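Protein chains in written order, with our numbering: chain A, 2 to 154; chain B, -16 to 761.
Keep in mind the hints are simulated off the structure, nothing from the lab.
Quick caveat: nothing in here was measured; it's all calculated off a predicted structure.
Backbone N, C-alpha and C define an ideal beta-carbon position, used for all residues, glycine too.
Check the hints yourself; a few may be wrong.
[Said to hold, decoys possible] Covered stretches of chain B, going by a simulated chain A footprint (3 or more residues, C-beta under 8 Å):
no.: 1; stretch: -8 to -1
no.: 2; stretch: 53 to 62
no.: 3; stretch: 460 to 474
no.: 4; stretch: 643 to 653
no.: 5; stretch: 681 to 687
no.: 6; stretch: 695 to 702
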Amino acid sequence: MITITLNVNGATHKVNVRPGESLLSALRLGLGLTGAKEGCGEGDCGACTVIIDGRTVDSCIYPAGEAQGKKVRTVEGLASNGKLSPLQEAFVEHGAVQCGFCIPGMLMSATALLERNPKPSEAAIRLGLSGNLCRCTGYAKIVEAVRAAASPA
Amino acid sequence: MTTKVFGTRVPRLDAVDKTTGRTKFVGDMILPGMAYAKLVHSSHPHARIKRIDTSRAEKHPGVIGVVTHKDVPDHLHGELIWDERLFAKEKVRYQGDIIAIVAAEDQATADAAAKLVKVDYEPLKAVFDAEQAMKPSAPLIHEKWKSYACLPSPKVMPVWQWQKENPRRNCSWSSIVRKGDVEKGFKEADVVVKGVYTTPMVHGSPIENHSVLAQPHDDGSVTIWTATQVPYVVRMTVAAFLDIPISQVRVIAPAIGGGFGAKCQAWVEPHAAALARKTGRPVKLVFNREEEFSMAQPRHPAKMYVKSGIKKDGTIVAREATIYFDTGFTSMLSAVQGSLGALTAAGPYKIANLKIDVYCVYTNKPSCSAVRGPSGPQLNFCIESHMDELARKIGMDPLALRLKNAYEEGDIAHNGQKLHAVGLKQCLVKAAERIGWKQPKAAGGDGALVGRGLSCAWWITAVGFGTGALVSIEQDGTVHITTGTVEHGTGSTFGTAPMIVAEELGVDVSQVRVHASDTGIAPFDYGGVGSRTTFNLGHALRQATQDARRQLMANAAAMIEANPDDLDIAQGMIFVKGTPEKGIPFAIVAQAAPFALGPIVGRGSFNTMAPPFDPKYGLVEGSLFVSAQLSYAAQAAVVEVDGETGNVKVTDFAAAHDVGYSINPMCVEGQIEGGAVMGLGIALSERVGFDGEGRMQNPSFLDYKIPLCCDVPPIKFDIIETNNIDGPYGSKGIGEPPIVPTTGAVANAVADAIGVQVTELPLLPERVLAAMKTVKKR
Ligand code: FES
Ligand code: FES
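The following block holds chain A by itself, in its conformation from the complex:
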């Protein structure tokens, strides 16, 4: 075991990890942040998506050690003071959530997308979310929610 320091959602934590342990595992087992999910462990589904220094990564294939000195954001950090972010709000209002397993990863990809491109076209939204598999929704209401959050009524 080695001890590393991670900055997650603005707070600094010391975490013990095995050599080569993934960031996903460090977040879930080490820090008890179970929002990010494991759907494949192979970088194919996006359920484990977190934001590192403004860019999305599949945390299941990202070594925890490499996140040292960087700013990690997870779904637990999206709401502030109990208030949902506009994107979370839109997901709730537009029925974008079914089983919910893909949702934490989907929200992180959508958050990064809107930070990069506040007024994305539908094609840009669809492309931006294509690293995140959802088996329930057919993506329609997820795309609708992102569009709504991008251009508040």
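Dock chain B with the ligands against the given chain A, drawing on the hints supplied.
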């Protein structure tokens, strides 16, 4: 119906927790002293077991215990047909058959130790194809099939007896339909058309893998948290396999990360429970994606032969079909698959003469189960492609052909069921209209070939399994629903159920809480299968809420000295009808009730009964098929086919669904959009491949392609309401129907573009190109 809550767009109650990451799935749970488990699988598709040696695994540092067949009662069990063993004993029947389960201090140790279990095999001849497996030369997979028991239910036992009296080699289940005289029908026909269609194994692949956590208790009982659609079935099965009373098993299905039928049977829960009881430690078993793909209950591959006779005016006079479903190494829900195949092979058409044979056949492959719309996408591809062939042969518009033969209100189906609330024709007309069926086709981009296709279907709302619900009102006016139903994503339990209570009680949805899918606290429900949750829970909840309302009104009447019959509720106030300004708050009555007439607890208990059947209209044998009034659907697609590459792009898609009545439009739409996109995956890209030894070749999302966000067109949906008199508030099931007609619609659009039907799914570019070459040759 004048309603306040129904039909509005209310967020479901579990949505906020699911967007904040607070929702706990089984994989997120940790118990003190928890051990991690790994299964040991067979490395042969079919072999006799000579010896199992677990000694090295047991001695491995960090290992807590190993369980094999020696540690569990020596008997078979299952759901409908009891042909399953927990752990392989004499034989393994596929690459993946479970030999043992290992518990260790951490996952890496469990994984390493599982590799140390040694098995000596004597390989046997294997068979990987259903049609081949029925040949006399095929190896027998279940030598003792005739001795197997079935679920001791009066519905199942006579049908299982019929199966045993009509055995076929390696057949786990067959269902047949006989109506009229097909030979006579074919003679009357102007044209007879034959077709052969093939579909591969596909996977439900929920994004959450199977996950189980079993905790043993000192008194011998066990609590199991599991990602399942059927907690009460799990409870029954664990108890039966481990020979303990049902009351010793508590099963909780917390949030479930998608089911789609991949989680609609008890499965590895008894293995985890046996290990937990042997080691005395809580045990967690979470599949990785490879295990999920290679083991978890996929959709039956199918080979389908069909022949129909038609008159020049479009009347279909006879249809004959023989269907082979590859069931895999145990029967699982083959009885359901076969029974539904007898329905989907007939199609929602008036055909005077029918002869259908559906076989569910054992092979040395993973067990297939009842994946969303079992038999639907396979037979829709076959029957609806075949319908377009018929239309082409007699020069009739495919929409007109379907409208001519479609079932209508009051018709008697091939199984003798009298049909009511039949929205089939409305669905067909609507879906066609939405893709511009009557307008000329637009030109494709880059010279692509453009095609349009249409398909329709019927589907069941499963009957015969009941649901209980309680509605209690807390002292601050919060209304609690307690029920055994599960929430695997569809929204029936956390989206629609609260709306029913809010509508009946005149409260806001935000005042309602749901406590579901815990066999320790909630009344029975069969599970999230067969498009039945809203239908059954809706009825049970209506009773329970009306019961609670009566108690509430009686309490209020006593408080304000009025007659309960004169009272009404609106906006959280109870008042004498006509004088809402003189009301008493709902919450005040709720607070007083426990000290007045007693706490408010409403109860509901419901089981769906099949409408009457009249056997003089047709004979269906070997079938458990029973449904409440059927759901109807039509879907239509526009595709562009690249003539160089054979690549298919769906550019427009419409789905029209008769749901009876839409209580919760956001959830209904979500089912339609999600189901149709899943159907697009089956049509275009999804297939599980096997090597010659029955080993799965593509057990990852990289190699098994489900639709991505950028792949799918927007789904134009139409919700048709036909007011089903048997349904709660007129509704019918909608969980499965949206996946059923998609394959047919896309296949017909491709055929329209290239001039010939492609007869095998998925519609891969190479298959489309090959089909195009056959046209050029003609
Ligand atoms: S779990 Fe990381 S991409 Fe699937
Ligand atoms: S909501 Fe279930 S996978 Fe996306």
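Discussion item. Of all the hints numbered above, which does this structure not satisfy? Sort the numbers upward.
Written reply: Result: hint 2 breaks, nothing else.
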